[in-house]
Amino acid sequence: MLKIFSTIIASVIFASLAQAKETLTIYTYESFVTEWGPGGKVKEAFEKTCDCSIEWVGLGDGVAVLNRLKLEGANTKADLVLGLDTSLTAEAIGTGLFGKHGVDKGLAKTPEAWADDYFMPYDYAHFAVIYDTEKMASPPKSLDELVNGDPAQKIVLEDPRSSTPGLGFLLWMKAVYGEGAAEQWKKLQPRILTITPGWSEAYGLFTKGEAPMVLSYTTSPAYHMVAENTPRYQAAAFSEGHYLQIEVAGLIEASPEKALAQKFLGFMMTPAFQDIIPTTNWMLPAGATDTALPEAFGKLVAPGKTLLFSPDEVFKNRRDWVDEWLNALSK
Amino acid sequence: MFWKLTLAIALGFILGAVALGFLPLLWLGFGQAFHIDDYLPRVVVFTLKQAFLSTLLSVAIALPVALALARRQFFGREALLRIFSVPLALPAIVAILGIVGVYGNSGPFGGLFSIYGLKGILLAHVFFNMPLAVRLMLTRLESIPAENFRLAAQLNFSAGQVFRFIEWPQLASALMGIASLIFLLCTASFAVVLILGGGPQATTLEVAIYQSLRLDFDPARASILALAQLVTCGLLVLVAGQFAREIQVVPPTLARTRRWDGKSRFSKILDGLLIALGIVIVVPPILSVILSGIGSIRPDGSLFWASATSLLIGLASASLSIALGWVLAETAARQPRTFLKSVITLACLASLIMPPAVLATGWFVTLSPLADMSRYAIFLVIILNALMALPFVWSPLYPAITDSVQRHDRLCSSLGLSGLARFKLIDLPVLRKPLGLAFLMAVIVSLGDLSAITLFGSDSLVTLPALIFRQMGNYRMNDAAGTALVLAAFCFALITIAQRWSQSHDHT
Amino acid sequence: MITLENVGFRYEDMVMNFNLQVAKGELVGIIGPSGAGKSTLLSLIAGFDDPVSGRISIGGADMEGVAPDQRPVSMIFQDHNSFAHLDVWTNVALGISADLKLDTQQHERVDEALTRVGLSDFKARKATELSGGERQRIAIARALVRDKPVLLLDEPFTALGPALRRDMLDLIREIQVERKLTILMVTHQPEDARYAASRIAFVQNGRIAHVLPTKQFFAASAPVEISAYLRG
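Residue numbers (the working numbering), protein chains in the order written: chain L, 1 to 331; chain G, 1 to 508; chain F, 1 to 232.
Everything labelled a hint here was simulated from the structure, so no lab data went into it.
Glycine included, C-beta positions come from ideal geometry on N, C-alpha and C.
Careful: at least some of the hints might be erroneous.
To be verified - Part of the chain L face toward chain G, derived, beta carbon under 8 angstroms:
1) T34
2) T49
3) S53
4) W56
5) I195
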């Protein structure tokens, strides 16, 4: 037992000391580096291309990564940050820590042409309402149908104050309804079973059978089809279009490993990285791939229209919009 | 001298940890404009309302259940009491999924009432805190001298008179402490309120603080909210302290406790119903956790390492917590009602009054320029868990130590016994039972902790609750259910071992 | 007055069997090594423990199945004889009525008992505020108001000093004479038994080994295990 304990302590303390080689420290969200996430394979693949090593630092989610940067400021140990999304990038640039990536923006295969000088995208997915086909024969075909539908058929949402999908859905409502969003939130309220702090709790309640609908991603059914071999959970296609989440990475300007970080961003857009993403991160690749996507990805909902605010719009309005949401649902 | 020095160290450690957490935040926020809108009062009102109702319900149910359990011996009683300790070890999300599995839309009792909204919050808080209150009340009831019940039998006391003359005086001294502990736990409750609250109308101060630290990264607002929490809870603790009765010293006796009350059929039926009520509240959600976990356990390396890590952190933080709690209790027990005593009580409850998220942020601001935080993550988790366990250590330890101090102080000073010698010869043997309970609770609290590990954990530091959360975050809901079962079983096994230990030394 | 015939009892590894005859108005001391079963003997008579075999009768009535409060017995313990948070008067009044509804005459009985034991000035004090000896006086006063013919004393004065113990024994003896009480007194202090008892029962290994008049008990001719015990 003592041996096990000392191994744990040693592995925690010395995890960051071991390498003598050039080391690229990457801050990312936790699920990227769990045993099921892409982290391990990405590390292996990148280390083959250079005489260097990657050190992952997994921190909660994208928001936690950004907050860590704000707290550390110029003292940060990160050379590269992977896992912010486009609703956070404007704020991230505002810290003054990030440098321009210098990678060919044409390599990005996002639904809209990529124009950001500071961040490169590595994957994306549209937010979508996932429904249980065993409980719901006719899912809503639009956001409007969701808002005005039968209150007996509930949906589990995430809180925009604490989760990325939650904020994504808030932006979705705002993109479709604009000034009238608050009104529509009030109409939606009777259909909301509950609003959870994060995606995991919402999805847990949904798969437990608490509600026939949950807010997640268009790619979620792929997991169930590939890993569990069941077509039971499907995404509902909405006629107004779907809000897009693009996950990005950027380098720290003052980092001594800036060149290596730049190299990683280039590597990120190649098949060696991109082929790993679909079945580990369950998102769509945002760069060139060699292997075709698993068959299940072909069955996913392909949104007719993509909705997306610019990072600056989100940065300027987020607080007001969250307050508006808070007021609409609190009374 | 010995206690003065250790007190200074312990109190300095806790207050230092709190100051190190809060002051940097205050400093970061200082000078930034903050606005107090009508949101803050609304949040405070809701926080207090749900905490008050949760406490009232938990204590009101726990009181008769504890009395019934103290009166009756039956097959499975020990096992039931062990099960009563399990909720404390369950991370909120696991317990909530258990509750949902019973009372949710697809559960066997689904449709009785909606568990989303205030009712759900209350149900979950009663599930967590009623059994806790029962355990704490039982330790008081079980220390009633056997002679009291003999006297009651000779004087033909009715159940009401036994309650009035024997049980209530014994409970009253502990009741305020138990109620304030539960109130603070419910005030600090986060996941339960968010998941079962149904929406932002159910927002507590803790949630608002988390939001302002996380999404808005607004230290000014966070420190205002944290101050509001500090003032509200601090006042509450001080006021409750004023109403709390002095703990009564009860020397142990050799007589076996036997009870003559409750012989009537009515009383037997009533006690049966009360114990059944306790079972109905606590057992089904745990059963639901077990049922969804059976067959889903993935016995792989990560499960093994997470179990070992949980155990290591649990044992280490429990030891630290006991050391702190002991020193503080030794001092508080010798203090009349003074300022110092209030400070000590507040220090013990620090982690409930000051949200862990605030502490963690402040520590980070202060320490990260000095050292690589990820290397010391395990120690920070242990320290934070120890602070979080301190209130649970305090409840069984303080009355027992007060008791021991009042009984042995004169004799010890006349014999010149002090310091470590006294500790080894007198205190340790006498306090074995409450100490065992305090240690157990501390281990259980850190076993179930998800907040400290989320704040400081890294990919090389994963406990069982962290593993559950990771598995859930990767769509692996079934694996997560399996890991939750392992956690519950782990906790049950620890409780069993601890109980055997305290009983094997019970022959005085 | 009290008869124990082959009264069997078992506690953990200890098997006990008691035979004893006590006449009305006697004060019998009970002496013996720790753990010999002295307190259990009193518990069986008071009804706090149930014998597995044999017969206990008090005043000719078989006590089997008779609840403690129905037996003609009062018992005073070494400690915890009073409820700490109640005042002295209430602690005594509980001996008359547990719901504390007393008529004028019962009020007077409580007052008289308190005067008899010398606590009339402490009526309104909390039991916790009294000394050990005063607290035991509460128990004696309560036994007075209960007015049962048998009084069982389980080391009631062990914690008190020699002079105080003597005073308490005097009080007990006076009351015994006044009320014609039958008393069994367990004690660790042989001199107490010598001072107050007319006969002494020696308890050893769960049995009453000898019952002797006090003089013979302390005489040189006493059985060897008694003199061995008395020598310590």
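Evaluation of the provided hints:
1. Contact between L/T34 and chain G, as hinted, is supported at the beta carbon level, the nearest pair being about 5 angstroms apart and thus within 8 angstroms.
2. Taking 8 angstroms as the C-beta cut-off, the interface hint given for L/T49 is violated, the closest approach to chain G being about 22 angstroms.
3. Interface hint status for L/S53: violated, as the beta-carbon distance to the closest one in chain G is roughly 15 angstroms, over 8 angstroms.
4. At a threshold of 8 angstroms, the smallest CB-CB gap from L/W56 to chain G is about 6 angstroms, leaving the interface hint in force.
5. Annotation: interface hint on L/I195 holds; nearest CB of chain G at approximately 5 angstroms, less than 8 angstroms.
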